[in-house]
Amino acid sequence: MQKRSTRIIVLKFLVVFILMITSFFVLQHNASWYQQPVGEVMSVKNLSSQSLQDQYGNNIKQHDERVKVKILNTEKKNEIISFKNTYDDAMAITQPLHQHDQIFLSKSEKSWGLKDFKRDTFWIPILILVIGVLIITTGKAGVMMTTSLFLNVILFIFTIYLNLITKDANIFWLFILFSLVASAITLMFVMGIKNRLTWTVLLTVITSTILAMSIGLLVFSLTKGKGLHFELMSFITQLPQPMFLSMTLVGVLGAVMDEATDMIATLFSVEREHPDIGLKDLLITGRHVGQEIFGALSNTLFLIFMAEQIPMAILYLRNGNNWGFTYTMNLSLGMIQTLISAIGIVLTVPAGIFWVWILHKWQQKKAGIQS
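The sequence shown begins at 1 in our numbering and counts up one residue at a time.
Mixed in with the good hints, there may be bad ones.
Have a look at the derived ranges for each label pair, beta carbon to beta carbon [unchecked claim]:
no., residue 1, residue 2, range
1, Thr74, Tyr327, 17 to 27 angstroms
2, Lys280, Thr223, 34 to 44 angstroms
3, Ile21, Lys280, 53 to 63 angstroms
4, Gly139, Leu283, 31 to 41 angstroms
Quick caveat, the hints were computed from the structure, so don't treat them as lab data. In this text, a Cβ means the ideal position worked out from N, Cα and C, and glycines have one as well.
Could you put together the complete structure from these sequences and hints?
Have a look at this one:
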């Protein structure tokens, strides 16, 4: 029996490996799927290198290379073009090209140039590997989790699309609806629609998220937004405040759902072992569980925020700006998002205990009526 189980697992991994290899070769030759020009680098010749220094004393080496590219699609298919590619050692914006790289091309009035790299050849096989390993190791739970993730991605794209096609749409209200539906989809697929745990977690997530966002909005209103530089948000094409609130809402939702799932699952286990548990004992248990989760989760949120901001913070500091200006320009809004998420994490404990207790009493009353 054990050998048969091992063979099945090996066979599943073999299927995942075959799918990875197949997708790699298919995507290597899928240039016809794209409307924009795609090319393959035939050869690269280094032309020159020079050292540059900006006004702040930052030194960097810049390189020029001559690239020959074969166009793989459009009416210019199989045509060989040549252009100069310039990159620097930092490779933050510009990057070197190598033979057999597939790239998207752009054409100005006189010449061709590099627009972006074609990366589907690599990231889709990696995605297949990740999903395959997840499903093999977790079974049905992995299938349901992957399905909910796929649905949430579609829902997210649809929400953005609604914002784009709706005139004068308030993106914050659209993301409120997105958060409600995404939370329900995730919990129902992962825990089951008829599971009492699902509805308890969902009620807790909604309650603590609403409270955290309400506290944030109340503080913004009382302080009249002083110190909040929404205009510093990058690539904003509409009102920045609703956009910031939408970003914050999604961040709070993720943090709260993580904590609520762990805490309420623990409280349900305690409830099953001690059906006659009182409110005081439930409060003590919930508080202990919340204390264990709160510290780690809050620090995780802070570290994620800091990791995201490190490149820009270093860029500001290396260009002669002090810490105060760097914080104001680059870190302040993210820190506020982290604080609101932390408030949501704290409120999840009493909200979770409240809903566990309410549903526990309702279950007892229902059992008493039936008996």
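Here's how the hints hold up against the structure:
1. Thr74 - Tyr327: 17 to 27 angstroms: The hint (17 to 27 angstroms, Cβ to Cβ) is violated, given that Thr74 and Tyr327 are roughly 48 angstroms apart.
2. Lys280 - Thr223: 34 to 44 angstroms: holds, 38 angstroms
3. Ile21 - Lys280: 53 to 63 angstroms: Given about 60 angstroms between the Cβ atoms, the range holds.
4. Gly139 - Leu283: 31 to 41 angstroms: holds, 36 angstroms
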